[in-house]
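Given only the sequences and the hints, what does the whole structure look like? Please build it.
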Amino acid sequence: MQFTTLLQRKLFVAVLSLACSLSALGQEGGTTPATTAMKTVAEQVEGDWVDGRWNQADVGPFMSADIHTPQGRTLKGIAIKVGGTAQATVCFNTELLGYSAAWADGFLEFDPRRYGLIGGPKPKGRTLFANDITPGWMHDGKLDDPRTRKLGPLPRSRAKYRGLYRHGKRVALSYTVGETTVLDEPWAGIADGRLFLTRTLEFGQAAKPLTALIATKRGATAALQKISGLAVAQLPAGDETLWVAALGQGTGLAVNNHRILLTVQPGAAKRLAKVFIVQAPLGQAESVVALAKANAVIEPPSRLANGGPGLWLPLATRGVVGKPHGAFAIDTIRLPFDNPWNALLFTAGHDFLPDGSALVCTVHGDVWRLTGIESSLKKVTWHRFATGLFQPLGLKVVGGNAYVIGRDQITRLHDLNGDGEADFYECFNNDLLSAGGGHAYATSLETDSHGNFYFTKCSEGTAHGGSLIRISADGGKLDVFATGFRNPNGLGIGPGDVITVGDQQGGWVPETRVDVMRRGGFYGFMPMHHRATKPETYDPPFAFVPRVLDNSAGGQVWVPPGQWGALGGRMIHLSYGRCTALVALQDEAHPGQGAMRQLPGRYLSGAMRGRFNPHDGHLYVSGMRGWQTAAVHDGCFQRLRFV
3 MQFTTLLQRK
13 LFVAVLSLAC
23 SLSALGQEGG
33 TTPATTAMKT
43 VAEQVEGDWV
53 DGRWNQADVG
63 PFMSADIHTP
73 QGRTLKGIAI
83 KVGGTAQATV
93 CFNTELLGYS
103 AAWADGFLEF
113 DPRRYGLIGG
123 PKPKGRTLFA
133 NDITPGWMHD
143 GKLDDPRTRK
153 LGPLPRSRAK
163 YRGLYRHGKR
173 VALSYTVGET
183 TVLDEPWAGI
193 ADGRLFLTRT
203 LEFGQAAKPL
213 TALIATKRGA
223 TAALQKISGL
233 AVAQLPAGDE
243 TLWVAALGQG
253 TGLAVNNHRI
263 LLTVQPGAAK
273 RLAKVFIVQA
283 PLGQAESVVA
293 LAKANAVIEP
303 PSRLANGGPG
313 LWLPLATRGV
323 VGKPHGAFAI
333 DTIRLPFDNP
343 WNALLFTAGH
353 DFLPDGSALV
363 CTVHGDVWRL
373 TGIESSLKKV
383 TWHRFATGLF
393 QPLGLKVVGG
403 NAYVIGRDQI
413 TRLHDLNGDG
423 EADFYECFNN
433 DLLSAGGGHA
443 YATSLETDSH
453 GNFYFTKCSE
463 GTAHGGSLIR
473 ISADGGKLDV
483 FATGFRNPNG
493 LGIGPGDVIT
503 VGDQQGGWVP
513 ETRVDVMRRG
523 GFYGFMPMHH
533 RATKPETYDP
543 PFAFVPRVLD
553 NSAGGQVWVP
563 PGQWGALGGR
573 MIHLSYGRCT
583 ALVALQDEAH
593 PGQGAMRQLP
603 GRYLSGAMRG
613 RFNPHDGHLY
623 VSGMRGWQTA
633 AVHDGCFQRL
643 RFV
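Counting in the working numbering, the sequence shown runs from 3 upward without gaps.
Among the clues, some could well be false.
What the hints assert, rightly or not - Here are the simulated lysine-lysine pairs, DSBU-like style, with alpha carbons at most 35 Å apart:
1. K41 / K381
2. K144 / K162
3. K41 / K171
No lab work stands behind these hints, which were simulated from the structure alone. Computed from a predicted model, the values in this text were never measured in an experiment.
Structure (structure tokens):
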């Protein structure tokens with residue numbers, strides 16, 4: 003980064019002349035829960051961030067989260083609604099590739115603390131089964147867990163999660179077990195007034211036998227019998243018995259102490275299996291067999307893999323074009339806070355598609371596509387493109403596809419049938435370690451000139467905590483690029499692949515700091531040094547930013563050369579805490595360090611992500627309400643124009 007003395011003089015004069023008149027530019031209050039002004043940052047206390055609105059939202063057919071299932075936390079879980087009227091929910095573990103629990107008469111209960119973002123949800127309803135947190139498929143005849151500290155995905159040679167297909171309200175999970183591809187579709191039905199679950203599996207070529215865990219009950223003993231040619235297993239489960247039956251060529255059931263298992267014989271051709279799970283009183287084996295035979299048709303899950311019907315109607319809002327004040331104007335693209343699904347719009351990242359439309363992610367799991375972004379903003383259409391992601395806090399468009407960073411993985415979204423909604427949620431990379439820390443977010447998502455992806459991981463007691471993470475362009479490799487961060491909530495990649503990170507003030511970090519990265523660098527937060535020997539010093543920051551200017555950092559973005567007058571080619575830093583943007587000024591006498599100067603205007607929410615739209619040349623800023631921020635709206639999507 004190069005900042006000339008002449009530029010500094012120009013900026014100080016321009017900023018000082020505009021600061022008073024533009025201090026409130028772009029920020030306005032409101033009266034709904036989504037647009038209510040908060041107390042000042044200094045006045046806020048924990049009770050101000052208790053908000054249970056997420057429990058009233060229609061989050062879609064599934065939700066990815068750290069789910070507090072009965073036998074332990076499913077750190078990277080997907081709760082999937084099953085049945086025509088969502089009579090039940092199953093929880094799939096994307097790291098271990100098995101089901102950790104199923105329950106009836108409810109979905110999830112989100113923790114209202116800190117808008118639902120600090121603690122994982124719990125199952126809501128009556129438990130049908132609850133498995134141990136263990137691999138979902140046997141390896142060499144065992145269900146052992148080979149992972150260090152039981153964190154992260156299984157070795158890829160053993161199993162790998164590939165993603166999920168959404169087809170209307172149905173979901174099919176895609177993964178591999180060894181070399182065998184598997185499509186796994188959970189569902190539910192009602193027969194004679196009794197709820198039953200199904201698990202329909204489609205197998206590719208299998209060179210070896212496969213064995214899947216279906217259900218367990220600690221302290222119980224499973225039993226197996228054959229009735230009318232059909233194997234039926236039973237497992238005591240409270241007042242009732244858990245019954246399991248299976249159909250399909252080359253498939254069967256087995257029991258092992260407190261476990262019921264599905265067995266699959268080797269085969270060169272694709273095969274189907276259907277597993278039935280039902281709670282019924284002891285002595286109901288024949289009725290379970292009758293239920294299975296009455297529902298014996300096995301529809302291949304691959305029918306769901308070509309794009310299906312959409313779920314969400316488009317919504318329209320009218321933007322507000324701001325009046326120019328000196329060099330800048332801030333326009334507001336209004337968010338559809340009042341929507342039919344009570345979806346929350348805590349906007350957390352955005353980017354632009356080749357056709358000029360925008361994609362905006364929200365921390366409660368959605369991605370929206372926006373069209374109609376032009377100079378007047380008379381009609382901006384919002385279409386819910388994806389749902390159910392795990393607290394996404396960054397989005398990047400590459401090759402026309404949206405890549406979204408969540409706590410669990412980078413997800414690449416595919417619209418297979420062109421209806422404006424994602425049908426395949428591809429797991430691009432899920433090697434990130436997550437131990438379920440309340441504040442252990444994965445934030446921001448950027449790429450360098452080689453196509454590598456970068457994001458930051460907040461501090462947590464794992465090998466990836468408090469680090470800048472790099473993912474190879476093909477998604478095949480994760481490595482730690484730099485360490486020593488507390489709770490970073492933003493990064494930027496500028497000309498020449500210069501990488502910057504903004505970290506939050508707190509223990510070991512006296513003020514918000516903005517750092518320029520070097521490979522292997524250590525940036526001051528001692529608990530996250532990840533070295534055999536504690537470092538005696540740290541890489542100095544580009545700038546410590548006084549909290550009066552920025553008490554909580556967002557990301558960084560570079561002004562394209564030739565735009566914004568004297569600011570062309572310069573770095574802009576966003577403040578989540580103060581809802582502002584600041585320009586970086588480099589100290590020529592001491593290269594590598596500098597200062598920040600606030601640009602005029604404030605945003606409606608905590609500014610976190612900035613991108614210049616290549617179609618109009620303007621800076622678009624997204625951000626959200628949270629804790630320790632001056633936000634007045636849940637989220638914002640605003641345009642800063644240099645006039």
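Each hint tested on the structure:
no.: 1; hint: K41 / K381; result: 32 Å, holds
no.: 2; hint: K144 / K162; result: 17 Å, holds
no.: 3; hint: K41 / K171; result: 40 Å, violated
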